[in-house]
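Assemble chain G onto chain R, guided by the hints.
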Amino acid sequence: MCSCNCEQPLVPSIVEVIDIVDETPDVRSFYVKCSEGGVPYSVQPGQCSMLSLPAGEGMFSCTWQEGNEYQHYAIKKVGLLTEELHSIEIGQKLGIRGPYGNGFPVEACKGKDMLFIAGGIGLAPLRSFIKYCFKHRDDYGKIDILYGSRSYADLCFKDELFNLWPQEKNTQVYVTIDNAEPEWDGHVGFVPSYLEELNPNPNGKIAVTCGPPIMIKFVLQSLEKMGYIDDQVITTLEMRMKCGIGKCGRCNVGSQYICVDGPVFTRTQLRQLPQEW
Amino acid sequence: MQVIDKNKIVPLLDRLSKQSEVFVPTVKGSESGFYSWNSLNGAKEIALEALNVYHSPKNVLFPQTERMYSIEQGKQVFSIPDTFQDEKSRIIFGIRACDAKAITCFDDVFLTHGYEDSFYATRRKNTIIIGNACYQPGANCFCSSMGINPVQPDADVVIHDAGTVYAWEAITVTGQQFTEQVQDLLEEKDLGLPQLKPFSTEFDYDGVVEKLQGMFDHEIWHELAEPCMNCGTCTYMCPSCHCFDIQVKIWGDKGYRFRCWDSCMYTEYTAEAGGGNPRPDSQDRFRNRFLHKLEFFTERYDYPLCTGCGRCISVCPNGINIIDIIKRIKEVDKIV
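First to last, the sequence lines map onto chains R and G.
Going by our numbering, the first residue of the first sequence is number 1, and it counts up by one from there.
Going by our numbering, the first residue of the second sequence is number 278, and it counts up by one from there.
So that you can see chain G by itself, here it is in the shape it has in the complex:
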């Protein structure tokens, strides 16, 4: 088995970051997330042992705000001088299975079903993903219940923490080519991988989609949505929420159009210019969010838009818990 000594991780990142922007899980005070290796103070800030960092790396491939193209305006004039395609080479190093699966969701949303989103496609094509297998699930983790194997992230290479070394497993062709470039830092070693510790929460997701298909008008949504104040925090923290807005910034005759993360929790999200709104009430929006994640996405892409990372549970100011919601849905035995 190929392994990399833990002491060689810093030299590896130093080397990689000469050619690519390398994003690593980091704890900075009370904040944690994926930060560019070059912006860090070396080894003491890398947190490969952390499970889900507070911020998922979704902004690496899908920036919170992203310039799309420049515009110029004048009397009767409207032109688009430049389109911004971000071709920088990137590496996401140490992503967990839940966040890696969210990238698979993005790949399906942005690259399939008739249209390829050129902004995402360009960035994705130039990004290598190094997964970090999870053997000790956290308190709010439930990826296994959502059909995800925590020790086998969707990645080009997967590393497995085995004491003083990481086992190094190239998964894709890209991963094999990448491995060849760093071969001198790897060595062969016989070792056993750790045992996956049990999840504190496990449930059977089978049947939830079919159940929800008959529950759009169910009275349970009143009760489930009651604590929600539509703050949208869950949508921003969610690694797989992909909804966006397109807006413009203009100074005088020059400016640019950009897209930015948006949230289905907000009234304006679906408010129409003519005054109509198909989801006018808080409860309508709450229901749409959970149905999108648990039913509609599966109907379109064959798997749910929730990867069990548990962030929405940790950050909801009013204690809304998607695991409880799934359990409640499963308990509904009479369809009204």
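The following block holds chain R by itself, in its conformation from the complex:
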């Protein structure tokens, strides 16, 4: 590892963009490492980093960290900062600070069957957990991945979805798009209804979901209907953040700060919080 600015948590370190890959028309993957080699700090699946260009900072879930080689962030163009990020080229220097948040309970899930349910850019945070499971394949049981997006073009990580992940042992990948398209012969419909159609048995399973807040809310309802108890259901939330270290105040849900107490919560924990996410 090069340098983590642990003494001054609000001051970024500098990394360099070593590769940029288009995932969809508005999602781009950025691969970063320190100029002198290595990653600035180690990120666990589900944890986030504050990335910045001179014009501003934003919190992004780390999509994957490959050892000490690089960190990968898949970023959707939604606002001023992400628009600027989408205009940079390989070699650009970025500010980075972190890692922030609790991350997914990868240890506690060992020995379980895993059900990943994602919508749109919501696959970006889950991918870190999915890849972790594949890397430690024998520690986890059956892996089901259910992913949906507005259209075929909007599906992230297509090579993994259609080619790599289905090849992994004891793994099923289900993909759906919101509306029918001439070239698409897969499932059509929203993620929560496809989930209920598939009706995966809750026995010995942990469900992990991320997507637009409205999708998460319906998925949580569907899981409950299908017999998943609260401790079997995990989600990861996001809110606007500035500091990332639980000081600036804005990312609270009740007394919990998403940046330090989250972003990962079980359904049991979510129920104790106000419905303000």
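Careful, some of the hints might be misleading.
[What the hints assert, rightly or not] Simulated crosslink set (EDC-like; lysine to aspartate or glutamate; CA at most 20 Å straight-line):
{"no.": "1", "chain 1": "G", "residue 1": "K402", "chain 2": "R", "residue 2": "E7"}
{"no.": "2", "chain 1": "R", "residue 1": "K93", "chain 2": "G", "residue 2": "D530"}
{"no.": "3", "chain 1": "G", "residue 1": "K352", "chain 2": "R", "residue 2": "E84"}
{"no.": "4", "chain 1": "G", "residue 1": "K526", "chain 2": "R", "residue 2": "E83"}
[As the list claims (entries may be wrong)] Covered by chain G, according to a simulated footprint, are these stretches of chain R (three or more residues, beta-carbon under 8 Å):
{"no.": "5", "region": "51 to 58"}
{"no.": "6", "region": "79 to 88"}
{"no.": "7", "region": "228 to 242"}
Calculated from the structure, these hints are not laboratory results.
Built from N, CA and C at the ideal position, the CB exists for glycine as well.
What follows is chain G alone, placed relative to chain R:
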């Protein structure tokens, strides 16, 4: 008991301000607040007898705008040449118990729970706090109801107004060391301290947190929030409101990132780039502010984020009164 003659306060401040920036309560025309002693015209502007000055001294430790680090940009370049750590020695002289407690709140927010905010920590480490005990609470004061002892501020040294002298009480180790440095201005004297006069408002805060835990969706918030126009004045005047924004200023290829006070009253505070906003309505933000102060902060740090200074009551253009809100919350007997 150690005392300092009131005539020796000016020589004391003159001496201290040679080594430190000394902030004292001051009345300047219609404005009052904590100002640097060196910027004042001596004794006539110091207002140690004033209760809550209009502006609390929160900007001494947590400046309204604070440069964090410089940045340089160019084609593909982004570097951070300097970090600004403010190591200047400071003394806050004559802080009241409510504002001193707000600094305790800041200490917990900025220095505990996993991360130490280096900007605050550096400034705090180099600041000595001299409290001024309150014996005559003001009209909007209610610190005692929030669990604060007005005659015993959280400070390194506490002074007590006893007529022609101040009783001088070193509280912390820092306070004892500080006292040794000014020993020649102190003398020993037997005297009695004044009696604390009654508060015009007192209420029992016990049970408010537990009550609020079941009131997030209560209809009372519609009514309580109705007069609020989200101007944010309460948050800026509050000694304990600590929320901040991080922004950038760039000219050409050079600039700096800074943080500045922010307010949970504003839509932009939680507005997300993707268009979402978890607190889109005025009422959502109003509720969050009061729940943060009265419930959430207690759940995190074990005491409320309100120190009973009464400033928000004095400055609210629409007459919103946190004491009334607490009383209304206590009166709610049925949880909907």
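Exercise for the section: Mind checking the alpha carbons of K402 (chain G) and E7 (chain R) for me, to see if they're no more than 20 Å apart? Expected result: It holds: about 15 Å lies between the C-alpha atoms, which stays within 20 Å.
Exercise for the section: State whether the coverage of the region 51 to 58 of chain R by chain G holds or is violated, taking the criterion as 3 or more residues with Cβ-Cβ distances under 8 Å. Expected result: holds (count 7)
Exercise for the section: Go check the region 79 to 88 of chain R versus chain G for me, would you? Three or more residues, Cβ under 8 Å, otherwise it fails. Expected result: Per the Cβ count (5), the hint holds.
Handout entry: Restraint check for K352 (chain G) with E84 (chain R), where alpha carbons must lie at most 20 Å apart
Key = Within the cut-off at roughly 13 Å; holds.
Handout entry: Verdict on chain G covering the region 228 to 242 of chain R, where coverage means 3 or more residues with a C-beta closer than 8 Å
Key = With 4 residues closer than 8 Å to chain G, the region 228 to 242 of chain R meets the three-residue bar; holds.
Handout entry: Satisfaction of hint between E83 (chain R) and K526 (chain G), Cα-Cα up to 20 Å
Key = OK: K526 (chain G) and E83 (chain R) at ~19 Å, within 20 Å.
Problem - Pair hint K93 (chain R) and D530 (chain G), alpha-carbon separation not exceeding 20 Å - result: holds (14 Å)
Every hint, counting from the list given before, is met by this structure.
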